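Residues -13 to 134 (this note's numbering) make up the sequence shown, in order.
Since the hints were made in silico from the structure, they are not lab data. In this text, all values refer to a predicted model and were calculated from it rather than measured experimentally. Careful, some of the hints might be misleading.
Said to hold, decoys possible - With a Cα cut of at most 27 Å, we get these calculated DSSO-like pairs of lysine-lysine:
id: 1; residue 1: Lys120; residue 2: Lys69
id: 2; residue 1: Lys104; residue 2: Lys74
id: 3; residue 1: Lys46; residue 2: Lys63
id: 4; residue 1: Lys52; residue 2: Lys82
id: 5; residue 1: Lys74; residue 2: Lys63
id: 6; residue 1: Lys63; residue 2: Lys52
id: 7; residue 1: Lys52; residue 2: Lys120
id: 8; residue 1: Lys104; residue 2: Lys52
id: 9; residue 1: Lys69; residue 2: Lys82
id: 10; residue 1: Lys104; residue 2: Lys120
id: 11; residue 1: Lys63; residue 2: Lys120
id: 12; residue 1: Lys69; residue 2: Lys52
id: 13; residue 1: Lys104; residue 2: Lys46
id: 14; residue 1: Lys46; residue 2: Lys82
id: 15; residue 1: Lys63; residue 2: Lys104
id: 16; residue 1: Lys46; residue 2: Lys74
id: 17; residue 1: Lys82; residue 2: Lys63
id: 18; residue 1: Lys74; residue 2: Lys52
Unchecked claim - Derived CB-CB ranges, DEER-like:
id: 19; residue 1: Trp24; residue 2: Lys63; range: 25 to 33 Å
id: 20; residue 1: Glu(-11); residue 2: Ala73; range: 18 to 26 Å
id: 21; residue 1: Pro38; residue 2: Thr(-9); range: 33 to 41 Å
id: 22; residue 1: Asn70; residue 2: Ala40; range: 32 to 40 Å
id: 23; residue 1: Ala40; residue 2: Asp(-8); range: 41 to 49 Å
id: 24; residue 1: Ser36; residue 2: Asn67; range: 39 to 47 Å
id: 25; residue 1: Met65; residue 2: Gly33; range: 34 to 42 Å
id: 26; residue 1: Asp(-8); residue 2: Pro23; range: 38 to 46 Å
id: 27; residue 1: Thr(-9); residue 2: Ala39; range: 36 to 44 Å
id: 28; residue 1: Thr0; residue 2: Thr30; range: 35 to 43 Å
id: 29; residue 1: Asn67; residue 2: Thr111; range: 24 to 32 Å
id: 30; residue 1: Ser36; residue 2: His84; range: 19 to 27 Å
Positions of the beta carbon are idealized from the N, C-alpha and C atoms, including for glycine.
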Amino acid sequence: MVEWTDAERNAIGTLWSNIDVGEIGPQALSRLLVVFPWTQRYFTAFGDLSTPAAIAGNPKVAQHGKTVMGGLEIAVKNMDNIKNAYAKLSVMHSEKLHVDPDNFRVLAECITVVVAAKFGPNVFTAGFQEAWQKFLAVVVSALGRQYH
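Using the sequences plus the hints, can you model the full thing?
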């Protein structure tokens, strides 16, 4: 079980309460597909992913970005038991979708970049970043649990 300090819980709660999933999710997933183009193989049903502009304008990318951020909300609401809260998602990504678990880590990096850009250094301080990255590391571990 992960131990969360009051400051970490506060930082994650503060950030999450100000995140617009309809903005951050599509941006983060678009960034993933552009910066890490091999991840596109999991999204062949999404249509045109040939250029950064096509990815950014793709409604299926935008919708799935919102879905990803909705998945993060599950973790925010279950911070004391993220692994169990993500058990079904881990099985689905491992056994049905066959997603390389390292892709969870690079998606978490993209989410962090987008969140940092959105809030800037006055909100996304080093302390907030530490808490946010710890939180995403726990999420990544929980998603990869089925692979072990």
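A quick look at each hint next to the structure:
The hinted pair formed by Lys120 and Lys69 meets the criterion: a straight-line CA distance of about 14 Å does not exceed 27 Å. For the suggested pair Lys104 and Lys74, the alpha carbons sit about 31 Å apart, so the restraint of at most 27 Å is broken. As the CA atoms of Lys46 and Lys63 are separated by approximately 26 Å, the hinted pair is consistent with the 27 Å bound. Between the alpha carbons of Lys52 and Lys82 the distance comes to roughly 21 Å, so the proposed pair stays at or under 27 Å and holds.
Distance restraint check for Lys74 and Lys63: the Cα-Cα separation of roughly 16 Å lies within the 27 Å cut-off, and the hinted pair is therefore satisfied. Our distance criterion of 27 Å between C-alpha atoms is met by Lys63 and Lys52, whose separation comes to about 17 Å. The hinted pair formed by Lys52 and Lys120 meets the criterion: a straight-line CA distance of about 21 Å does not exceed 27 Å. For the suggested pair Lys104 and Lys52, the alpha carbons sit about 16 Å apart, so the restraint of at most 27 Å is met.
Distance hint between Lys69 and Lys82 is fulfilled; the C-alpha atoms sit about 19 Å from each other, no more than 27 Å. With a C-alpha separation of about 19 Å, the suggested pairing of Lys104 with Lys120 holds against the 27 Å cut-off. Taking the CA atoms of Lys63 and Lys120, the gap is about 16 Å. The hint holds against a cut of 27 Å. A hinted pair counts as satisfied when its Cα atoms are at most 27 Å apart, and Lys69 with Lys52 qualifies at roughly 21 Å.
About 22 Å separates the Cα atoms of Lys104 and Lys46, which keeps this hinted pair within 27 Å; it holds. Between Lys46 and Lys82, the direct Cα distance comes to roughly 20 Å. Compliance with the 27 Å bound is thereby established for this hinted pair. Taken as a hint, the Lys63 and Lys104 pair is honoured in the structure, with Cα atoms around 22 Å apart against an allowance of 27 Å. Between Lys46 and Lys74, the direct Cα distance comes to roughly 23 Å. Compliance with the 27 Å bound is thereby established for this hinted pair.
For the hint pairing Lys82 with Lys63, the CA-to-CA distance comes to about 25 Å; that is within 27 Å, so the pair holds. Under the criterion of a C-alpha separation no larger than 27 Å, the hint pairing Lys74 with Lys52 is consistent with the structure, at around 19 Å. Trp24 and Lys63 have their C-beta atoms about 32 Å apart, which keeps the hinted 25 to 33 Å range intact. The hinted window of 18 to 26 Å between Glu(-11) and Ala73 holds, with their beta carbons roughly 21 Å apart.
At about 38 Å, the CB distance of Pro38 to Thr(-9) agrees with the hint of 33 to 41 Å. The hinted window of 32 to 40 Å between Asn70 and Ala40 holds, with their beta carbons roughly 38 Å apart. Range check, Ala40 to Asp(-8): Cβ separation about 44 Å, and the 41 to 49 Å hint holds. Range check, Ser36 to Asn67: Cβ separation about 41 Å, and the 39 to 47 Å hint holds.
A hinted range of 34 to 42 Å holds for the C-beta pair Met65 and Gly33, which are about 36 Å apart. Checked against the hint of 38 to 46 Å, the pair Asp(-8) and Pro23 passes, with Cβ atoms roughly 41 Å apart. Checking the proposed 36 to 44 Å range against Thr(-9) and Ala39 shows it holds: the Cβ atoms sit about 42 Å from each other. For the pair Thr0 and Thr30, the beta carbons lie near 38 Å from each other, so the given range of 35 to 43 Å is met.
Judged by the Cβ atoms, the range 24 to 32 Å given for Asn67 and Thr111 holds: they are separated by roughly 27 Å. Roughly 23 Å separates the CB atoms of Ser36 and His84, a value that falls within the hinted 19 to 27 Å.
The structure is inconsistent with hint 2 alone, although it conforms to all the rest.
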